[in-house]
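Trainee: With the hints as constraints, model all of the structure from the sequences given.
Residue strings, one per chain:
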Amino acid sequence: MSLPTLTLRGFVTVLMLVALALVPQLVELTGNAFLIDLATRCVILAIAAVSLNLILGYGRMISFGHAAYLGIGAYAVGIPVYYEIYNGYLHILVAMAVSAVFALATGLVCLRTRGVNFIMITMAFAQMVFFTFVSMEEYGGDDGLVIEVRSEFSRFINLEDATVLYYVCFASLLVVLYLVKRIVNSRFGMVIRGTRGNELRMQSLGFDTFRYKLICYVIAGTICGFAGALLGNFTNFISPEMMDWTRSGELIFMVVLGGAGSLFGPVLGVSVFLLLEEFLSGLWLYWQLVFGIFLILVVLFANGGIDSWLSGRSRRSHDS
Amino acid sequence: MDWTLLTVQFLNGLQLGILLFLLASGLTLIFGIMDVVNLAHGSLYMAGAFLCATFTQWFDSFFLGLLAALPAVAIIGLLVERIVIRRLYQRDHLDHVLATFGLILAFDALTQMIWGPDGQVIPLPAWLDGQVMLTADIVLPTYRLAIITTGLLVAVGLFVLVTQTRLGMRIRAGATNRTMISALGINIGMLFSIVFGIGAVLAGLAGMMIAPITEASIGMGNQIIIVAFVVIVIGGIGSIKGAFIAAILVGLIDTMGRSYLDALFKLFMSVQNAETSAPAISAMLIYILMAVILAVRPTGLFGPRGH
Chain X
454 MSLPTLTLRG FVTVLMLVAL ALVPQLVELT GNAFLIDLAT RCVILAIAAV SLNLILGYGR
514 MISFGHAAYL GIGAYAVGIP VYYEIYNGYL HILVAMAVSA VFALATGLVC LRTRGVNFIM
574 ITMAFAQMVF FTFVSMEEYG GDDGLVIEVR SEFSRFINLE DATVLYYVCF ASLLVVLYLV
634 KRIVNSRFGM VIRGTRGNEL RMQSLGFDTF RYKLICYVIA GTICGFAGAL LGNFTNFISP
694 EMMDWTRSGE LIFMVVLGGA GSLFGPVLGV SVFLLLEEFL SGLWLYWQLV FGIFLILVVL
754 FANGGIDSWL SGRSRRSHDS
Chain U
11 MDWTLLTVQF LNGLQLGILL FLLASGLTLI FGIMDVVNLA HGSLYMAGAF LCATFTQWFD
71 SFFLGLLAAL PAVAIIGLLV ERIVIRRLYQ RDHLDHVLAT FGLILAFDAL TQMIWGPDGQ
131 VIPLPAWLDG QVMLTADIVL PTYRLAIITT GLLVAVGLFV LVTQTRLGMR IRAGATNRTM
191 ISALGINIGM LFSIVFGIGA VLAGLAGMMI APITEASIGM GNQIIIVAFV VIVIGGIGSI
251 KGAFIAAILV GLIDTMGRSY LDALFKLFMS VQNAETSAPA ISAMLIYILM AVILAVRPTG
311 LFGPRGH
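Residue numbers (the working numbering), protein chains in the order written: chain X, 454 to 773; chain U, 11 to 317.
Rather than coming from a laboratory, the hints here were simulated on the basis of the structure. Even for Gly, the Cβ is constructed at its ideal location relative to N, Cα and C. A portion of the hints provided could be inaccurate.
To be verified - Away from chain U, derived, C-beta distances all over 12 Å, residues of chain X:
1. VAL465
2. LEU482
3. ILE538
4. GLU601
5. PHE606
6. ASN611
7. ILE668
8. GLY735
9. TRP762
What the hints assert, rightly or not - Which bits of chain X does chain U cover? Going by a derived footprint, with three or more residues having C-beta under 8 Å, they are:
10. 618-632
11. 701-714
Mentor: Right, here's the structure in full:
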């Protein structure tokens with residue numbers, strides 16, 4: 454019974470990955486250069502969504518401030534470039550280190566609370582980062598900062614080439630997916646998934662769940678910081694608007710749309726989200742009205758997102 | 011020390027605090043009783059401002075415009091509750107934030123469809139537009155005093171409503187144990203609607219009162235709503251008293267921080283360092299306050315104890 458439905462899910466996953474891998478060839482064939490921009494954005498946001506899914510889907514930590522890490526990562530490219538430091542390894546290192554420290558510091562406070570408090574506090578901390586960058590006039594403040602030169606790695610990896618940048622992002626997505634798969638299936642991941650179901654039970658089994666959740670929270674933040682560094686390179690521009698709390702809301706929606714708590718779901722969610730956004734915004738000036746209503750309908754009627762639809766079962770019905 | 015500036019900044023802080031209270035009290039009531047996180051509360055704030063702008067134009071009077079806009083916002087709130095929020099009561103918080111986030115997108119787009127992308131200016135009547143001479147030096151804008159007075163009156167009214175009336179008793183009972191009061195024969199669906207309506211009116215009123223100063227603009231609620239969340243987290247979810255104290259505290263700290271932190275920093279660091287770091291730090295102040303309070307009391311100042 455479960456075999457044929459499983460293959461549909463696997464089939465879509467493979468199809469999606471092959472399609473993503475062939476985007477530059479497709480661009481060459483059709484001559485539509487816009488496609489690669491869309492695909493790059495999709496892949497970068499997919500990394501962010503996969504990292505959010507690690508805490509939201511597997512650990513039920515509903516972080517409403519995940520976009521802050523995108524911003525931190527992007528500024529970790531922008532600010533060194535502003536001082537004419539172009540070393541890409543350094544950029545990535547700074548992006549991930551600062552994200553990790555921020556996640557650790559805020560996680561220590563956020564994870565002491567649960568439920569709604571957790572949602573609102575993660576949101577508030579992200580807003581704090583937002584306003585901090587708004588008030589930094591040196592780095593453009595409200596108007597943002599143009600990144601003149603992309604990160605430099607070596608002679609072979611030249612990010613100024615759109616195809617190279619795309620493949621770097623795509624390879625990163627594959628690595629991150631593999632990493633998250635390993636994490637989720639490890640003993641550590643079992644504990645995290647255990648706390649989603651019943652935290653008290655895990656505690657009485659002797660696990661210090663706070664520590665597990667904190668580490669998970671830091672890993673997710675660090676990965677998203679990395680995605681932010683890619684995003685900064687891609688857009689060549691950063692502004693605080695990138696980490697507005699509505700961006701975090703969009704990230705959550707992408708994860709839920711694709712299927713929270715499934716490995717590949719967020720990638721599907723991001724793709725559908727971006728395609729829909731592209732399609733609707735070209736169609737009607739007030740497309741966000743349709744989009745908002747679509748979001749509400751997804752929440753009300755589509756349990757478990759695209760992933761559960763592909764695998765033919767409702768994920769959340771036995772979850773809560 | 012410049013006493014005029016200090017008084018004006020103090021009043022500005024108080025005014026921000028009052029607005030935050032109007033938003034936060036509705037949020038905290040809705041959350042306390044229905045266990046629903048309503049991100050779209052800021053949209054009701056925006057709806058209030060825009061409706062008030064239009065009605066003020068129609069009646070050619072700010073006061074009449076305000077009076078007409080209040081029931082209009084209540085109706086919008088009740089419709090939102092009936093159509094969307096009601097279906098969310100049995101769901102978890104993730105569904106709440108997502109669905110109400112969808113509401114925000116829809117509200118922003120709808121407002122832009124009706125009123126266009128530009129802000130709406132609300133002209134003040136002459137009797138509110140003047141200034142009050144407190145002493146020879148200290149001159150205060152009348153309208154700000156009016157906002158503060160109105161807000162305080164509403165706060166007192168709300169306090170009386172919740173602590174002294176039968177409806178308030180039911181609201182408090184509902185916050186404590188939903189199942190029990192519906193078992194006692196109280197129409198809990200009706201109670202929820204009433205509370206949501208009250209919250210909508212309070213948020214709308216806040217939007218109407220600020221619009222003459224800032225003008226009504228698309229997405230105006232999306233920033234202040236986060237600060238309102240900070241307020242209810244600090245005050246403790248479900249507590250009106252906590253929301254009031256935290257709102258005033260946050261309003262004052264935010265306003266005072268922005269105007270006086272650089273002067274404070276200049277006492278112990280170079281002028282240049284003070285001028286670059288003060289704006290960043292003052293933007294972070296209320297969040298630092300929140301973090302400190304949560305580190306000491308995870309449920310906020312007046313939050314529910316025991317878990």
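Trainee: Would the non-interface assignment of ILE668 of chain X survive a Cβ cutoff of 12 Å against chain U?
Mentor: For ILE668 of chain X, whose nearest Cβ neighbour in chain U is about 20 Å away, the distance exceeds 12 Å, so it holds.
Trainee: Would you check whether the claim that TRP762 of chain X is not at the interface survives, using Cβ distances to chain U and the 12 Å cut-off?
Mentor: TRP762 of chain X clear of chain U: closest Cβ-Cβ about 17 Å, beyond 12 Å.
Trainee: Checking the smallest CB distance to chain U, is LEU482 of chain X really beyond 12 Å?
Mentor: holds (35 Å)
Trainee: Does the claim that GLY735 of chain X lies outside the interface with chain U hold up, using a Cβ gap greater than 12 Å?
Mentor: Nearest chain U Cβ is 15 Å from GLY735 of chain X, so the label holds.
Trainee: Test the statement that ASN611 of chain X is away from the interface with chain U: the closest C-beta pair must be farther apart than 12 Å.
Mentor: Holds, since 35 Å exceeds 12 Å.
Trainee: For VAL465 of chain X, is the shortest beta carbon distance to chain U beyond 12 Å?
Mentor: holds (23 Å)
Trainee: Since GLU601 of chain X was said not to touch the interface, does its Cβ keep a gap of more than 12 Å from each Cβ of chain U?
Mentor: GLU601 of chain X clear of chain U: closest Cβ-Cβ about 23 Å, beyond 12 Å.
Trainee: Please verify that the nearest CB of chain U lies beyond 12 Å from ILE538 of chain X's CB.
Mentor: holds (20 Å)
Trainee: Tell me if chain U covers the stretch 701-714 of chain X under the three-residue, 8 Å CB rule, please?
Mentor: Since three or more residues must qualify, the claim that chain U covers the stretch 701-714 of chain X holds, with 5 doing so at under 8 Å.
Trainee: For PHE606 of chain X, which was marked as not at the interface, is the minimum beta-carbon distance to chain U over 12 Å?
Mentor: holds (31 Å)
Trainee: Establish whether the coverage given for the stretch 618-632 of chain X by chain U is satisfied; the threshold is a Cβ-Cβ distance below 8 Å, and no fewer than three residues must meet it.
Mentor: violated (count 0)
Going through the hint list in order, the structure does not satisfy hint 10, though it satisfies all others.
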